[in-house]
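A.B. asks: Each residue of the sequence shown is one higher than the one before, starting from 34 at the first, in the working numbering.
To be clear, the hints were calculated from the coordinates, so they are not data collected in a lab.
Do not take every clue at face value.
[Stated by the list, open to error] So the derived label-pair ranges between C-beta atoms look like this:
1. Asp110 x Glu340: 47 to 57 Å
2. Gln178 x Asp327: 22 to 32 Å
3. Lys306 x Pro258: 23 to 33 Å
4. Pro332 x Asn46: 25 to 35 Å
5. Val72 x Asp175: 18 to 28 Å
6. Gly228 x Ala367: 29 to 39 Å
7. Gln128 x Leu303: 15 to 25 Å
8. Lys391 x Pro351: 49 to 59 Å
[As the list claims (entries may be wrong)] Simulated crosslink set (BS3-like; lysine-lysine; CA at most 27 Å straight-line):
9. Lys391 x Lys149
10. Lys149 x Lys162
11. Lys306 x Lys197
12. Lys197 x Lys385
13. Lys370 x Lys391
14. Lys149 x Lys170
15. Lys370 x Lys170
16. Lys306 x Lys391
17. Lys385 x Lys370
18. Lys197 x Lys149
19. Lys149 x Lys385
Beta carbons: idealized from backbone N, C-alpha and C, even for Gly.
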Amino acid sequence: MSSNNQVYPVIWNDQSPAETLRGHVLLIDQTRLPNEYAVVEINRYEDMARAIETMIVRGAPAIGVAAAYGVYLGARDIQTTDRGEFLAQLEPIAQRLRATRPTAVNLFWAIDRMVKTAHQTLGAVAYLKQTLLDTAKAINADDVQTCHQIGDHGLEALPASPDKLRLLTHCNAGALATAGYGTALGVVRSAWRDGRLERVYADETRPRLQGAKLTAWECVQEGIPVTVITDNMAAHCMQRGMIDAVVVGADRIAANGDAANKIGTYSVALIAKAHNIPFFVAAPLSTIDFAIADGAQIPIEERNPSEVHTVGETLLCPTGAEFYNPAFDVTPAALIKAIITEYGAIAPAALKDQLASKQVV
Numbered sequence: 034m035s036s037n038n039q040v041y042p043v044i045w046n047d048q049s050p051a052e053t054l055r056g057h058v059l060l061i062d063q064t065r066l067p068n069e070y071a072v073v074e075i076n077r078y079e080d081m082a083r084a085i086e087t088m089i090v091r092g093a094p095a096i097g098v099a100a101a102y103g104v105y106l107g108a109r110d111i112q113t114t115d116r117g118e119f120l121a122q123l124e125p126i127a128q129r130l131r132a133t134r135p136t137a138v139n140l141f142w143a144i145d146r147m148v149k150t151a152h153q154t155l156g157a158v159a160y161l162k163q164t165l166l167d168t169a170k171a172i173n174a175d176d177v178q179t180c181h182q183i184g185d186h187g188l189e190a191l192p193a194s195p196d197k198l199r200l201l202t203h204c205n206a207g208a209l210a211t212a213g214y215g216t217a218l219g220v221v222r223s224a225w226r227d228g229r230l231e232r233v234y235a236d237e238t239r240p241r242l243q244g245a246k247l248t249a250w251e252c253v254q255e256g257i258p259v260t261v262i263t264d265n266m267a268a269h270c271m272q273r274g275m276i277d278a279v280v281v282g283a284d285r286i287a288a289n290g291d292a293a294n295k296i297g298t299y300s301v302a303l304i305a306k307a308h309n310i311p312f313f314v315a316a317p318l319s320t321i322d323f324a325i326a327d328g329a330q331i332p333i334e335e336r337n338p339s340e341v342h343t344v345g346e347t348l349l350c351p352t353g354a355e356f357y358n359p360a361f362d363v364t365p366a367a368l369i370k371a372i373i374t375e376y377g378a379i380a381p382a383a384l385k386d387q388l389a390s391k392q393v394v
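Produce the entire structure from the sequences given, and follow the hints as far as they go.
C.D. replies: Right, here's the structure in full:
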């Protein structure tokens, strides 16, 4: 699902103009990239929940968009014309989708917006269902626009010199992780568009290798120069003067600016600080959770240990060893130069004053 080399990982597809309410969602299966480009058709909310859990779709904004469509798919199959009964049956659907990934706040933001829309919309159940589909489509379209804004604000925030920048990123915060264009890779794309980018260095991002598999794939699709490095090479590259700035995404940002992102991000931030290299977090307003004061309150998902001890069908570790597999870590606000949102690049300490009033479910 691409157009003019742009990738769109979550797309609503109407089967026909006369059957709008029987459309479906198309997802790029990110577990098969970069070796195979495959599209999965999603018709039921339970299938969407499993797609989120198994990381067929991944990245906080993309998960939010997918979950919004998931709420609609569940709502579409509710068999009642009674509004009160419809709303009662909608809640377990929302709860199932909320349970898929605990860290990415965009998931909860999108589901809450869908549920709130359902409760605030008056009229017949059929009209309510159509309104939910329209809301999911709006969340989808808004995210693409937001990512373009983040990309352009991020370009303005990057160092003024050198003329051609070398940027390091960790994990994938690109078009595949959003509705399109990307957050951290949105900044990269805007820099490339305006002739300010020399090269992207992509951390491989163990254990699931999203940098090596997904970030590098996106860059190759668009002809953006990309060099993949192992996670433990970042310090060496900075020490040798190969990196001008770091730009990463986030799955949840606390009110004080602490940011949760893929495991290993905190290490990169510490290394950047040691080398006086600016470290930026790029994320939409929906990623900021003003309900929590700091990063200590962000729930950290732990995933299956097989992601650590096995690659493909190859066992890397001896039988009998134990494993720890947190999916995220939290980078303290003190290590972040700015958080780049659709409203501009903002110092972490100023988030609440500048953005809290704009947070609307």
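A.B. asks: Confirm or reject each hint.
C.D. replies: Cross-check of the supplied hints:
1. Between Asp110 and Glu340 the Cβ separation comes to about 33 Å, which falls outside the hinted range of 47 to 57 Å.
2. Judged by the Cβ atoms, the range 22 to 32 Å given for Gln178 and Asp327 holds: they are separated by roughly 30 Å.
3. Checked against the given bound of 23 to 33 Å, the beta carbons of Lys306 and Pro258, roughly 26 Å apart, stay inside it.
4. About 33 Å separates the C-beta atoms of Pro332 and Asn46, a value consistent with the hinted range of 25 to 35 Å.
5. Separated by about 23 Å at the C-beta atoms, Val72 and Asp175 satisfy the suggested range of 18 to 28 Å.
6. At roughly 33 Å, the beta carbons of Gly228 and Ala367 sit within the given window of 29 to 39 Å.
7. Checked against the given bound of 15 to 25 Å, the beta carbons of Gln128 and Leu303, roughly 38 Å apart, lie outside it.
8. A beta carbon spacing of about 52 Å between Lys391 and Pro351 agrees with the range 49 to 59 Å that was offered as a hint.
9. Of the pairs offered as hints, the one joining Lys391 and Lys149 holds, with about 17 Å between alpha carbons and a cut-off of 27 Å not exceeded.
10. For the suggested pair Lys149 and Lys162, the alpha carbons sit about 13 Å apart, so the restraint of at most 27 Å is met.
11. Proximity of Lys306 to Lys197 is assessed by CA-CA distance (about 21 Å); at most 27 Å being required, the pair is judged to hold.
12. The hinted pair formed by Lys197 and Lys385 fails the criterion: a straight-line CA distance of about 33 Å is larger than 27 Å.
13. Proximity of Lys370 to Lys391 is assessed by CA-CA distance (about 22 Å); at most 27 Å being required, the pair is judged to hold.
14. At most 27 Å may separate the alpha-carbon atoms for a hinted pair to count; Lys149 and Lys170 meet this at roughly 16 Å.
15. Between Lys370 and Lys170 the alpha-carbon distance is near 33 Å, which puts this suggested pair outside the 27 Å criterion.
16. Only pairs whose Cα atoms come within 27 Å are accepted, and Lys306 paired with Lys391 is rejected, the gap being roughly 31 Å.
17. Simply put, Lys385 and Lys370 have alpha-carbon atoms about 16 Å apart, close enough for the 27 Å limit, and the pair holds.
18. Pair hint Lys197 plus Lys149 does not hold up; C-alpha atoms about 46 Å apart against a cutoff of 27 Å.
19. Annotation: proposed proximity of Lys149 to Lys385 holds, straight-line Cα distance about 24 Å (limit 27 Å).
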